[in-house]
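Protein chains in written order, with our numbering: chain A, 2 to 424; chain B, 2 to 424.
Be a bit skeptical, because a hint or two may be false.
Because identical chains cannot be distinguished in the list, a pair is counted as satisfied if it fits within a single copy or across any two copies.
[Unchecked claim] Straight-line distance between alpha carbons at most 20 Å, and here's what the computed SDA-like set of lysine to any residue pairs gives:
| no. | residue 1 | residue 2 |
| --- | --- | --- |
| 1 | 186 | 76 |
| 2 | 186 | 403 |
| 3 | 194 | 412 |
Hints were generated in silico from the structure; no laboratory data involved. All figures in this text were calculated on a predicted structure; none of them were measured in a lab.
There are 2 protein chains.
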Amino acid sequence: MSDLPHSQLTHLECSNCGAEYPADQPATTCPGCGKVLLARYDLAAAGRTMTPQSLATRPWSLQRYTEILPIQDPHAAPFLGEGGSPLHAVPRLAEAFGFTTLLVKDEALNPTGSFKARGLAMAVGRARELGSTTVALPSAGNAAAATAAYAARAGLGAVVAMPEDTPAAMLAECLAYGAEVILVKGLIDDCGKVIRAGAAAFGWTDVSTLREPYRAEGKKTMGLEIVEQLGWQVPDAIIYPTGGGTGIVGMWKAFAELEEMGLIGPARPKMIVVQAEGCAPIANAYAAGERHAPRFQDAHTVAPGIRVPAAIADYLILDAVGESRGTAVTVTDEELLDGMRTLARLEGLFASPESGAAVAAARKLREAGFLAPDDRTVIFSTGSGLMHIDLIPINPPVIDPNDPDLVAAITGARAQMRSPVRD
Amino acid sequence: MSDLPHSQLTHLECSNCGAEYPADQPATTCPGCGKVLLARYDLAAAGRTMTPQSLATRPWSLQRYTEILPIQDPHAAPFLGEGGSPLHAVPRLAEAFGFTTLLVKDEALNPTGSFKARGLAMAVGRARELGSTTVALPSAGNAAAATAAYAARAGLGAVVAMPEDTPAAMLAECLAYGAEVILVKGLIDDCGKVIRAGAAAFGWTDVSTLREPYRAEGKKTMGLEIVEQLGWQVPDAIIYPTGGGTGIVGMWKAFAELEEMGLIGPARPKMIVVQAEGCAPIANAYAAGERHAPRFQDAHTVAPGIRVPAAIADYLILDAVGESRGTAVTVTDEELLDGMRTLARLEGLFASPESGAAVAAARKLREAGFLAPDDRTVIFSTGSGLMHIDLIPINPPVIDPNDPDLVAAITGARAQMRSPVRD
């Protein structure tokens with residue numbers, strides 16, 4: 002037996018009806034009730050090797066938490082350096098919003114530029130371990146890019162379906178990796194319809210959000226890392242831009258597993274869902290006190306990652322919000338764009354519009370008094386702004402290096418930059 | 002005294018005339034001869050705390066090597082999680098090119114998406130420590146984005162000058178961070194002319210490549226990391242896309258320091274410069290046996306980071322290539338685009354065109370026999386492909402999710418994707 006840790010995966014369990022299934026064959030949703038399957042582990046065994054002491058010398062990557070992750074052979078897995086993202090203190094942002102301590106979990110530093118890398122590394126890696134040759138999914142963009150990258154790394158085919166108006170950078174990335182890219186007239190759930198038809202016809206492995214059990218395991222590592230980065234403490238609040246909500250589900254599961262392993266106590270962060278005013282199914286259901294969220298009609302927002310009108314795991318997300326005494330809020334597109342701008346200018350983090358939504362929510366919740374000044378609050382920056390440059394006005398002045406009065410030319414250019422309207 | 006390690010910076014030394022200068026005040030090039038100044042350390046003192054054992058529990062970031070870096074107060078420095086990039090084994094690429102072991106140092110995972118983060122974190126951090134309020138530089142794009150980000154994080158102003166045809170993503174990033182962006186009719190050395198005029202007139206701190214001593218120190222960490230990641234061994238060869246060449250200069254200095262500290266022996270990797278056929282000043286000088294490279298006329302290539310017609314450190318780059326028995330090669334734009342495509346499709350790494358040049362060079366040098374099959378070779382992927390989506394043709398098929406025969410629609414879309422010409 003190797004002295005390297007290995008996965009303590011034991012079985013799958015339905016999050017709704019509790020039915021159990023073996024973990025050593027391909028799985029989608031619960032064959033009994035159609036709801037979300039979760040991976041289960043021998044946590045007692047895991048806790049014997051996954052200790053704060055042993056972790057201190059492990060690399061900061063998904064392999065850090067091998068015991069409670071599903072990959073059976075980490076050395077053969079299609080990893081690309083995902084995970085281990087920084088948890089930045091952002092003192093200027095904290096001061097601007099009236100917090101003592103604000104933290105940003107910077108997921109832009111993952112491969113393919115977003116948090117989607119974590120989930121898809123696991124899902125694609127596990128798909129290969131279980132014999133898949135082609136993976137497929139519907140996506141607002143980031144998940145497609147991650148799927149395409151991990152499929153290339155794993156030597157699998159990839160088919161991704163995205164809304165027609167997906168930002169060009171995400172399409173370019175998928176095409177660069179050699180994925181088959183299909184654009185769909187509609188939203189992400191329309192793309193899901195296309196992928197399910199294709200999966201049935203062509204045998205693709207569908208790695209849609211929470212329609213297979215392993216993406217949530219990758220996302221779980223965000224919760225594991227935050228707790229370890231805070232010295233085995235949970236923060237007071239986590240603000241998370243929520244589309245399909247795999248991150249909320251994954252982190253909530255992470256905290257439960259860490260408690261069972263004796264690594265944290267019963268305290269939990271307030272889990273705070275942020276959605277766009279133009280697409281707020283979870284926030285609406287939370288406000289109405291419901292456990293399920295009907296499809297949001299006419300969904301629209303400039304933040305594609307949270308333009309998700311229906312989430313299969315609505316009940317799991319709403320349970321986490323409720324049990325943690327968190328909340329679910331909305332922000333306007335203007336507010337989220339302002340959040341994006343503020344984070345870049347004050348802290349040097351050029352993040353996605355979804356991240357801007359989390360920044361805007363931090364400000365609103367502090368102003369409303371839901372969060373106290375000394376609530377240690379983690380804002381999730383879920384991805385890089387580089388996929389969203391269409392949201393940045395670009396019109397810098399141009400000067401001639403051979404201008405006889407360069408200093409005057411520079412001065413003129415600077416004045417032009419400062420004027421509110423440029424032509 | 003804190004038990005945290007601290008910088009053992011002692012003074013600056015001219016790389017050409019050997020004159021020494023204090024390190025506690027702002028510095029540019031050598032006041033005596035105009036050549037490049039390098040930072041010097043008390044390496045004996047550094048070696049007492051920077052040991053393989055102590056490093057094993059330090060975070061993988063620039064702070065890992067505090068002793069031999071210039072930042073005096075790492076806790077106050079404007080860090081964003083730079084450094085600690087993966088050194089991926091790329092077995093499919095190795096097999097395709099005929100190597101036993103090929104490795105890719107994946108610098109796309111740095112803040113702002115490129116290796117420039119390392120140097121600018123140091124230069125901007127050090128500028129602030131020495132009292133600067135505004136930093137400025139000419140850039141092909143990536144260095145400008147990094148400067149803008151670190152200046153925002155440090156609370157400094159930033160002015161960046163870039164060629165008129167710089168990719169939009171880099172401009173957007175700089176503008177998002179609140180930098181003043183000036184476009185220049187010309188190449189990067191024309192931009193340098195603008196910045197030097199502005200620095201003289203307005204007191205900006207010029208952080209141009211190797212015109213201040215600290216960017217090279219940040220780039221040095223690429224060499225430190227590779228050696229540590231290989232278990233305190235140097236690789237057999239390092240293939241590096243070379244514009245200003247700070248990375249070559251920095252890594253070469255890193256190896257010398259590690260040897261003086263007793264952490265490695267006298268062996269050195271072959272340092273291999275890659276340039277574009279359309280802009281090859283260093284490769285031409287190397288071929289001619291010269292130590293200085295005249296300005297390359299009519300420079301052109303699709304890879305902006307290596308469209309650098311003149312390098313102030315030409316003699317340092319050529320010394321490293323010569324002393325290491327490396328070489329300097331060129332690749333065509335077609336070859337570097339093919340390298341970019343091959344890396345993405347075989348290994349799931351969507352990298353910059355400069356990285357594609359390094360990939361293409363690995364193939365050429367193996368084919369030519371300059372590198373043997375068992376030469377353990379590191380290819381530098383200097384940045385993300387996300388800043389270069391203009392190089393990727395984007396024209397995926399669009400389908401209607403309400404098509405009565407979705408499977409037929411998908412089949413049609415897939416056929417369209419495979420056809421070489423789409424309209």
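Here is what the structure says about each hint:
1. 186 with 76: Answer is neither; intra-copy 40 Å and inter-copy 50 Å both fail.
2. 186 with 403: Classified as between; 9 Å across copies, 50 Å inside a copy.
3. 194 with 412: between (56 Å within a copy, 15 Å between copies)
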